[in-house]
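Student: Using the hints, build the complex out of the two chains.
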Amino acid sequence: MTSVATRAKRRYRSADEDVEMFGSALDPKVVRRMTPYILPQKKLVAIAVVAMLIFAGTQVAVPWLIGTAIDEFISSGNIFGLVVISGIFLTNAVLTWISNFVQNIAIVRAGQNLLVQLRGDMFSHLQRQSLRFYDKTEVGRIMSRVQGDVYQLQEFLGTMVMSAGDFLSLLGIVVALLIMDWRLGLISLTVMPLLFVVMALWQPRAKKRFIKARSTISIVNAALNENISGVRVVQSMNRQEENLGQFDVLNKENAESVKSEIRMSAGLLPVVDILTSGSIALIIVFGSRMAMDNTIEVGLLVAFIMYIQRFFDPIRHLTMQYTQFQRAMASGTRIFETFDIEPDMVDAPDAEEMPPIRGDIELRDLSFAYDPGVEVTKSVNLHVPAGQTCAIVGPTGAGKTTLVSLIARFYDVGRGRGQVLIDGYDVRDVVRNSLVSQMSMVLQEPFLFSGTVRENIKYVNIHVSDDRMVEAAKAVGAHEFIDKLEDGYDTYLEERGVNLSVGQRQLLSFARAIVADPRILILDEATANIDSHTELQIQSALRTLLEGRTAIVIAHRLSTIRNADTIIVMNKGELVEQGTHDELMDGDGLYAHLYHMNYAVLEEVKGTGTEPRSDQMSSS
Amino acid sequence: MEVLLRILRFTIAHKWRLTLAYLVSGAGIAAYVLLPKLFGSAIDRVDMGLQTGTISESAILQIALAITGLGVVRGLLSFGQTYLSESLAQEVVYKIRNRFYDHVQHLSFAFHDKQHTGNLMSRAITDIEAIRMFVNLTVVRAPYFLLLIATVSVMMLHLDLQLGLIGLVLLPFVLIFASIVRVRMRFAWLKVQATFGELNTILQENLSGVRVVKAFGASDFEQKKFDRNSSKLSEQMFKAIQLEALNGSTVLTAFLVTIGFVLLFGGMRVIDGTLTPGVLAQMIFFLQLLSQPVRISGAIVNNMARAMSAGGRLFEIMNARSDVEESSRALVLPRARGHVRFHSVGFEYKPQTPVITDLDLDVDPGKIVALLGPPGSGKTTIANLIPRFYDVKRGRITIDGTDLRKATLKSLRANVGMVQQDVFLFSDTIAQNIAYGRPEATMDEIIHASEIAQLHEHIASLPDGYETILGERGITLSGGQRQRLSIARAILLDPPILILDDSTSSVDSKTEYEIRKAMETVMEGRTTFVIANRLSTVHKADTIVVLNAGTIVEQGAHQELLAKGGLYREIYDLQLRPQEEVMMEFDVSDDLVAEKIA
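In order, the protein sequences belong to chains A and B.
Counted from 1, the first sequence has number 477 at position 468 by the numbering used here; the numbering is strictly sequential.
Counted from 1, the second sequence has number 497 at position 463 by the numbering used here; the numbering is strictly sequential.
Just so you know, the hints here were simulated from the structure itself, not pulled from any lab data.
Here a beta-carbon is modelled for each residue, glycine too, at the ideal position from N, C-alpha and C.
Hints should not be assumed to be uniformly reliable.
Claimed, not checked - To give an idea of the interface, some chain A residues facing chain B are shown, with a C-beta separation under 7 Å as derived from the structure:
#1 V267
#2 I271
#3 G287
#4 V445
To be verified - Coverage of chain A stretches by chain B, computed from C-beta distances (three or more under 8 Å per stretch; other residues unrestricted):
#5 95–102
#6 122–133
#7 146–157
#8 187–193
#9 226–235
#10 310–323
Chain B on its own, in the form it takes in the complex (with noise of 0.2 Å):
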């Protein structure tokens, strides 16, 4: 009910608008059921002049005059009622979209470490939806229903009791039994929806493992799972639509059942003369009217529960807590020196799992820091703790001996540049892609800025250039070329404090020396902190932070620790080494190639 009230308050902020659909609906009503009393009184006039033998020419077009006036009336009012309710709904869910947009894109990583893209985007487009067409037709829409049915009915009992409640007998049974089919049908349609869910995942799974499947020989296979569930689909498919032809059939026979009761003793009534035949027609166009508004009240039950449903996930993520929260205290802070302190630091993603305990680091301005460990000793934690994207549980993190928490999550962010190894590219061109940070930066910067990250040649080498477009609809961009891309994207941003992710997968040995090359650029002047992995990297930082789960074993330069002969020799031995070993995929010259050959 919270849920549904939630909705409600959206509605009433646009209250004139809203007041005004009822009151364009309220008139709707009044010219909806004076036609069959029009219809009617020309019956009865024809009638009678039949068994007097003269008829008011005047009076009858005086009815037809009104009836197409009354038409016209009606008409601009169902244009008003339906376009008003219509954009009404269109307006909340406008509403409700932009707040959701800027509510999930303010969520801390902690939240979007649990929720899966698809999931929230199925919130916003599903939930959304069902909110919509709450909003038009509960909210705006069903009260004119129900006030059109209750207006027809007391319409009906007031021309003729007897005949009225002939006609109304049914109403009841047939409302009810709409409303449940209609729950039925909903549960229905939900595992039809499943079922779907499950054969795209088949499909898709099919066609992108393609090599799986071939290799396997395993196409029999694979045609048999999508064909079962086919079927599947289809039964369930089937059976949904049985209910709704089940719930069509029956609404529609109940009015005719009931229309045929009416004539039958509507018609003794008039052969009795205790009737005139305008009222029995009268009766009859009533019915009619009733149809409509009956049918579409049945849904109403299934819509409201669908809205609960649908807004309960939605608030749920509206209402979500981002786990970073800005002080309302809070400071700008200044472009840092880059002095970076951990006092004894802890955090855990899990209760009772600590990740990092009471660590404690000082590292200087224009420093490197090498973080090696083997994975899940804390690296990546380490490195997002200083940007915020997760508070630390236990302990403070200082800039230039200011705590992270004093400052303003904007102020600190535009201090801290990330250079991610996997980074996400945004459906743009190139050159918004690398200002992301900066949307107003010219375009010289952005050169200058690949050119330093050693991108520039393979950007200026596609026919659109810096207007390339990227990302799903666009050109894609090779691992080695996006970690560039994101170098550029930190040069331009320009801070003082740098974060690199450095487990690149393996590049064959021109990338990896265009990497090398931009990198040792981007982090000059920098407080810088590598997240490593190769001898590379690690033997050029200023220091190289060992950890073990969650903990600072050792601590120095190269030299230093493999002579110490502990865990760095140990992973030195283990990992770089072996990685390093590995026969690279080479870019050998021609020349090379011949010579070698002959």
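This is chain A alone, in the form it adopts within the complex (with noise of 0.2 Å):
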């Protein structure tokens, strides 16, 4: 019997597995990768660099100018000279405003163009793969990839900023301290090395409590989430009070984490505190005696003061900014690791438009393997002339949707395995966008976007006139359910049209392929269950989508099969045998074996019932 907090910690252990989140505060390779990107924006840069300077300088300024103030003008009494040095300093408060605005937006617009530039080249790299990256990879990495690694090098550039800001008003403050009095300077410093002490003893033990919270948050959101989710099944089965249960342990356990985290980095504030006021002391100590000697003024011994009240800033903000160097780092890696990945599939350098394309479509001796020695499809030889409507039937794993995909050229046959010809073009050789522009794909699984049905019809196509998307919704028997939308056409399409049924997306995606009005159409007919009114509107749909254009269906419906101008029966990769249906059914083939066996099953299950009259679908 296991306990309550067991079981929990045993679900979510998976979700418990959180990327890398740090590397090494500066990579090198990352660095250089990420230069080219960096290049472009040097203006930008160089005006940043330019007002950080000026900022920390004034900044550094303040103390100094005060305690001069009082040394030079306010004990000498000198009237006319503190005018003037109080309006230097606030010539300096105006040059603090005018610097740091420039450094920030400088900074912000370089970061910005940068990222733009970045998540454009991502994006377009993405666009490059072939499906064989598809079939390979996750969307829910790729996507993390493209925002979360993106954002958290945009993090790292604004903290680039900052602690290079800190480091220079770090290194302001110890030069100041050390010109105006070296002795005080260096005694006001000996408790820096004790600092660097327990930064270096912190900074490890706050990572660890850091990444603790966050992985035990994720966990907490992904046992929420999965519950949510899962709410229907969780009544069903009276679950909620196990389930509270284990929430309970999850959450209990991060509000620890993040407690403990917080001890670890409040930790550090008594530190600064004591180090800061320790250091003061000394200066008051030693400076009054210098005072007494004559070495040093009252005004000096203000500016110390302010100067060790400004020192640990800077200190503790680079050690926080440490970390979040290591999460960039780590970042930059997957990053770029992504534009490691060379698509497999690219267009030839000498590669042809396509010109506009009849239809004729040949396979000549195809052999396909998605991995080397699997081969997938086998010396296939077809020909489907211009304007024809070819079938393929056969088994799971036959490879009909291979065979389809290699006409779409979704994966590129190597070089002596045969080839696929359109108007006698081999695939390989013309640019790809050119040639499956004339060609419409209609998935099994119709895909809508998030947009309006105008958006989803017309896709690619926008210049098309409404008019003929409107022509195009009607061939399909779609119109009369897009006009009962609320706003018509312009319905916006929520999460990809789950406000649609699923017959209803099936027809969008067949008006989506006629506005496009390809020469050759693909299509994997649906095996969804769709109602009856719903089926018969796709099947006369269909017979428009075919009509005076080259068609490669993966059918499934005997209408489809039997109204094909050829039929080919694929099995383990292979075409076994091709004709019409008459021509098949006349044979002892497979396709014949197929059919008969399809209808002993049905024959079974209704018993003694009617007669089958299959020819209602197909002569309607």
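Tutor: Right under this line is the structure:
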């Protein structure tokens, strides 16, 4: 009997495997790869650097100006001098405003330009990847690269500037302390080694707790998400109590780990406070003696106290930024790893634009393997003359989908492993976009984009007139239901059309194919359950769709198969039979057998029912 | 305001910790404001010493020791303050998160039909985070910051009225300015968030719709769409950060300007002899002290605005009442025999659009009822009414004569099992997924259930067997396997009443056979309602109930109804038959192929 706590932890242990979050603080490889992105921004970066130097200067100047005012003018009663130095002080203040504002916007501008470039490049890199890549890679992982990791880099750019600023002010303060009085300067810096020791001990511990806090919250959110998604099962199986118990364990663990993280990060506060005041106390003790010896004056003492108060902030920031650096480097590494994945399918350098096609398709001796040695199609030969419909049938895994994917050039056939010819052009020798823009493909699962019905039907062909769009919708019988939607063609389809039925989505994807007016149409017939009314609509839409085009259909419906000009039967990657329905039925081949077997199942179920009126669909 | 009060109530529940946080903060203020005083008096002593030629070393040492001591005290107090306020906020969030979780999992189907998971998740993540920040910053720390500003102001005025006024004259303006800019920043960031979401959608759809994109050669089109949005995002981000830079620079400069004037006028007074250099230095130290609380105070207004809208959204969900409520006098329904009866039941999801009207149905224990009808005829609704996922609007449903509403939800649902076709899998082992409704089930029971459900063979073939993790981070099961897992779950629960959703999309014939076999076993001896689509299930039923527009139009056995030539006949011809005519994906044995090709 396991306890609630163990069950809860075991359940989500897999959610705990967070991706590697930290790299080394400055990875030369990542920095080198970033350079081409930073270079175009060099003007803005230069502006930012200059502004940053000025800003750091104005900050360091403040205590010095105050000290000087006291020592040089106030103590000697020089009113004019006091007015002048106050004027300088105010000018310095204005300069602070300008330099701070400029450094911020210059760096944000540069950073945003860089990010737009990087995101765009990443996107186009992903676009160039072939389907092989997408077959292997989860969408979620790519999403977190483009959004999460790029976002990390953005944070990093901001942090880098702050760090540079912090570093400069730290440096400025040290220099100012030593210049103003090197002995007193050295005394005030005696606490430094102590601070470094504390920081070195603190940093890795704080990081560990930070990671723990992050991973526990992601587990909490994963558990919540799952419970909401599965709420119907939860309720029907009375799991609420058990689940709340499990959730409480995870939630409590998160609360505890966050508190432990806070204890660690707040633990630095007393250290800094104690070191600051200790250092100031030293300055006062030694400074007062030196003042009595007339080696220093009072104003300098004031300036020193102010410097020391400002001294620890940059150090604290830098320590925190260190973590940020490491995370950014890990992100950078992942981003460039993605860039390093070479698209395995690119247009040949001398690829021609495909001229307007007639639609003659020929497959010559076509063999293809996703993984070396495992052939999915074997020496397939097929000729479909322009304007004809070819139906492909066969059992699961016969290679039907692969065959049509090769015609649409989703994958490239290895040289010497046969050819796909369209109007006599080898598809590997033409620019892919010029070819596929003249073809359309309707997938088994209709895919719609978030956007209006109009945008979905027109899709790439935004220039198509509304009249032609409506015409297309009418041709496939989609106009009727679109018209009934709240905003007609301007109805926004939430989350890829969840507000539509599967059949309606299918009809929209048909309309999209018609608007594109392709010469070649590739269709994977839907098998999902659709109500009878829509089913009839789809049947008739299909006929409109196929008219006057070359069509390759992975067919499941008897009516589609019977109406095809030619039927090919595939099995285990081989084309085993070819002919019209009647021709194939006359023989005693696989097709005839599949056909009869299908009916045998039906007959058994129907018992003594009625004769199948199988002609009903195809002749209507 | 009510929203903020409600958050406050959560905070006040930890009254000791809150009081302690306030006490520590108050003590922190005292330690804080004493430091500049000590610095100032040290300066004055040195100044006096320079004029008189002697200095009391012991007095200086005393001051130095006091500064060090105060540093230690202040350091410990700031630790206490930070830890107490952050951990208090964490406790509040912990409690709210638990309540949210429990509330949401008890809300009825009607609620979940309307709410997207994504929306609920962003309530739980973003809005709860806003509440955490509100408790931390506004409830616990804001009084501290305001009191600190007030104390320092009083100290400055007390120290020297004229110079103090010069030092404070800009303060109200800075506070107002910072608050306004912060609120504007919030709107700018909200815009950024929205655009970020759009960009996410474009990217995600591009990736999951990659086949469509490639089939249409649409990569240029998609690239433009993406770039347009990406530039928009970056422009909005720029604007938001610009506001931030404006705010930061202005607050910083305002303080410098103030220090400049204090230096000028204070310096003149020192020259006049009406002020000591130590007091001037003290003034400047005080001004430095003010800059942090002033900067943070600007954030408080924004923080409150954010907590109000976030809390409003969150509490709206936590206030939502379930449509299906348990009566306070509800009784535990013992194991039922399974006599289910609908007495003139009426139901609708939206007013004025009835889904079921005046439905009567009497099902004897152990009988199989197939519910059949065109989409929207009310099949699924009827099934959902039996375990009270929704409540009937009119009439009543009884099990063994007891009105469903008189039983506790838990005991009712223990009597009604569900087998869904697209069942939800949890990120857990296969064993735990099967035992989901009975976490205490033994391994033998789990294996036995999956054997009956025709799933054992497949599970046993997996490398980790029953310990294989399913769900988002684990392996996925095919549609047919999921359905059988759902059957296994039901077998383990062994309910006397069973609801079976059989509107499966096509599967190959072997799977089809296995599912049919599993279903036949699980239905045995239970009152079963089958939402049917396939002929094979329908014709096995004791009674076929044909529905149309929420009423029963025909009822009887297969042959009987076929002969009648009514709606059943029509559905049979139109829907069932063409579906079976579909050339299914057959598994063909190698021998057969070899024989046929030869």
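Student: Quick one: see if chain B covers the stretch 226–235 of chain A, three-plus residues with Cβ-Cβ under 8 Å.
Tutor: As far as the stretch 226–235 of chain A goes, the hint holds, because 6 residues have Cβ atoms under 8 Å from chain B.
Student: Close enough to count: is the Cβ of G287(A) nearer than 7 Å to one in chain B?
Tutor: 5 Å, holds
Student: Are at least 3 residues of the stretch 122–133 of chain A within less than 8 Å of chain B when you compare beta carbons?
Tutor: holds (count 7)
Student: Given I271(A) as an interface hint, is its Cβ closer than 7 Å to any Cβ of chain B?
Tutor: Holds: closest Cβ of chain B sits about 4 Å from I271(A), inside 7 Å.
Student: Quick one: see if chain B covers the stretch 187–193 of chain A, three-plus residues with Cβ-Cβ under 8 Å.
Tutor: Violated - the stretch 187–193 of chain A has 0 residues with a Cβ nearer than 8 Å to chain B, which falls short of three.
Student: Counting residues of the stretch 95–102 of chain A whose CB is closer than 8 Å to a CB in chain B, do you get three or more?
Tutor: Coverage by chain B holds for the stretch 95–102 of chain A (5 residues, Cβ < 8 Å).
Student: How does the stretch 146–157 of chain A fare against chain B when you require at least three residues with a CB closer than 8 Å, holds or violated?
Tutor: Satisfied; 5 residues make the cut.
Student: Would the stated hint for V445(A) survive a check requiring a Cβ distance to chain B of less than 7 Å?
Tutor: With Cβ-Cβ at 4 Å, under 7 Å, it holds.
Student: Min Cβ distance, V267(A) to chain B: is it shorter than 7 Å?
Tutor: At about 5 Å, which falls below the 7 Å cut-off, the nearest Cβ of chain B leaves the hint on V267(A) intact, so it holds.
Student: Counting residues of the stretch 310–323 of chain A whose CB is closer than 8 Å to a CB in chain B, do you get three or more?
Tutor: Since 5 is at least three, the answer is holds.
In this structure, only the earlier hint numbered 8 is contradicted, and the remaining ones agree with it.
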